[in-house]
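Please put together the full structure from these sequences, using the hints given.
Listed here are the chains, written in short residue letters.
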Amino acid sequence: MNKPFFNLVALQFKEFFREPEIIFWAFVLPIVLSWILGVAIGSGGGSRGSIALIETADATKTYWSSWIEGVEGASAGDRRIDFRMLGREEAILAIKKGEISLFIEKVPGADSVRFFLDPRSEEAQMTYLAIERYLRESEGERRADSDVVPLNVQGTRYVGFLVPGLLAMDVMSSALWGIGWALIEIRIKKLLRRMAATPMHKSMFLASHFFTRLIVNTIEFVALFVFVHLYFGVGIQGSVGALIAVFIAGNMAFSGLSILMSSRTANPRVGNGLINAVTFPMTLLSGVFFSYHHLPEWAIPIVQKLPLTMLADSIRSIFNEGAGFAEIAVPAFMLASMGAVFFYAGMRIYKWY
Amino acid sequence: MISARNISKSFKDVRAVRDVSLELRRGQYVALLGPNGAGKTTLVEMIEGIQRPDAGEIRILGKHWSTDESYLRRRMGLSLQETAYIDKLTVEETLNLFASFFGLGTDVAPRILGLVNLADKRRSYVMNLSHGMRQRLSIGIALINEPEILILDEPTTGLDPVARREIWGILADLKKRGTSMILTTHYMEEAEHLCEYIVIMDRGRVLVEGTLEQLIEAHMNREVITFALREHHGAETLSRIEGAIDLVWDGDENGGHLYVKDIVTSLPRFLEAVERERVSLRRLECRKMNLDDLFISLTGRHLDE
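In order, the protein sequence lines correspond to chains V and Y. In terms of numbering that gives the first Met the number 0, the first sequence is numbered consecutively and its last residue is 352. In terms of numbering that gives the first Met the number 0, the second sequence is numbered consecutively and its last residue is 304.
Think of the hints as simulated: they come from the structure by calculation, not from any bench. Honestly, I wouldn't trust all of these hints.
Stated by the list, open to error - DSS-like, lysine-lysine: derived pairs with alpha carbons at most 30 Å apart:
no., chain 1, residue 1, chain 2, residue 2
1, Y, Lys-287, V, Lys-13
2, V, Lys-60, V, Lys-105
3, V, Lys-304, V, Lys-2
4, V, Lys-189, V, Lys-201
5, V, Lys-201, Y, Lys-62
6, Y, Lys-260, Y, Lys-120
7, V, Lys-189, Y, Lys-120
8, Y, Lys-287, V, Lys-189
9, V, Lys-201, V, Lys-350
10, V, Lys-201, Y, Lys-287
11, V, Lys-304, V, Lys-96
12, V, Lys-350, V, Lys-188
13, V, Lys-188, Y, Lys-287
14, Y, Lys-120, V, Lys-2
15, V, Lys-188, Y, Lys-11
16, V, Lys-201, V, Lys-188
17, Y, Lys-120, V, Lys-350
18, V, Lys-304, V, Lys-13
19, V, Lys-350, Y, Lys-11
20, V, Lys-189, Y, Lys-62
21, Y, Lys-62, V, Lys-2
22, V, Lys-350, Y, Lys-62
23, Y, Lys-87, V, Lys-189
24, V, Lys-188, Y, Lys-120
25, V, Lys-13, Y, Lys-87
26, Y, Lys-287, Y, Lys-174
27, V, Lys-13, V, Lys-189
28, V, Lys-2, Y, Lys-87
29, V, Lys-189, Y, Lys-11
30, V, Lys-201, Y, Lys-11
Keep in mind the model is a prediction, meaning the values are calculated, not measured.
Listed below in structure tokens is the structure:
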């Protein structure tokens, strides 16, 4: 058996495993990154100063409005706090999505409030302390501290927010460097034109890169997941089938993008710049490390259309909110469609010689 | 087998190939000889279907690239310039990869390894091969599909004389098997040694072409006195001797190439002129005209410039 598709896939694996450093960068680095961010930094997360006030029969809008006036000073200068009224379930969901950093509930039958926050989130702690100071000022020194309820539900911790983002980012960078850069390198070495000057099917050649990367990304994904599962106890609350579907769709999107990006470039510096120009803004904006909900309102709908945002949000909703096929169908379809369009456009303008 | 007629190709403001025609007959080896920038690679890449000509027509085995690409790809063997194969793939794996593109099995590689003398390197990574071995691998890849036409673009450039002769031996063996080949080179010995038809190109044009005998008959039926002087002296008087045909002066060398009909007659006259002009010689060399001399006489430059 000497099939070209098999050979092309095999050659990429051989290149991969015959270069031990690549294994470090591909598998070990994401794990180390998740460990550093999840444990060593371990804080942050959530949106800066966005908090929810839980609306109940006992704590109406009017109650909260006068309460907010009492702590107005906490929301001054650099530390602006956005208050929003939510139901309890909505608040938990918002904290999982990173839209808020903590929420406050009125203690039934008493004139005091209770804070719900991730004790390891520095941002939540700072917001809590700022509010608490103003409550004390308005109510006097004899006031007892408010109750703080630590949130330990999966997804309310920073690591629960971080891991799905890291998994999505891994798919993106693995595809862009593993396919995009690899194809640019083959062109620079003038090997691409040599291969193209044979009866090799060009679409099969590109498909072999997608297929190889899908396998590599799956291994990377599983390795990182196993680590965070064992170390941080992160689990998948939603549908594994939906996770597989959105993972494949994400791979399609970024593989297509990689092929489009590599379609003309024969200069390593241009190739490097192109890949960085795509990955860097998405890594910053797409809510991998911190929620994008603190961005200006006009920017949020745009950021939500970025492939990395769609993938990270979908994985996050499956991990933390128990989402299934219905919830991720639209983003998965969008990602797969993006991949198809990028692939088609790339093939149309591909410079083989 | 190949008929290229009135081919032209330009890149931005550079006219790389200007109205060139070329024929290759079955079993023939044709050399495209010329310095860097002569247009050899552009011409063969158009024949290889890698570039499209701006004007002219190329027919290979009676077919065109625009309509019969797959047919032609299966019948041609190419070795392109400067191809870097995958470093961490072995020689055998590389051959198997290319064999699979032609729908061929793993039984092809051992035959090719034998043909290009790389059998003992079959398990070596490409990165561990010498330059000469990589060139042989490149030729091996060109031979995978038992091509009817072989096109090799500067297969021996940068190789030491031993490695170059090894490749000449391989190509000479292939000729005995009836392979047809176009070879680009800027080594006149390579063209003389391997090819019965030589096309000399410069600046996108064909300067002269023919069999080696035809070229000798038409352009090289002369001898050359190559000299360099110690003193700066106008060379005109030295060239005004009996039997002198042409002088190509090289200012950097402070010398020149004097083309004469017969060296036996002209050399004593030349030495007399040197004495008469009270100059002294730093270098003197007499020989029959070769392809490099022909190129110098046509362009004033060396082939390997």
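Quick one: which hint numbers does this structure break? Sort them smallest to largest. Numbers 1, 3, 6, 8, 10, 13, 17 and 18, in rising order.
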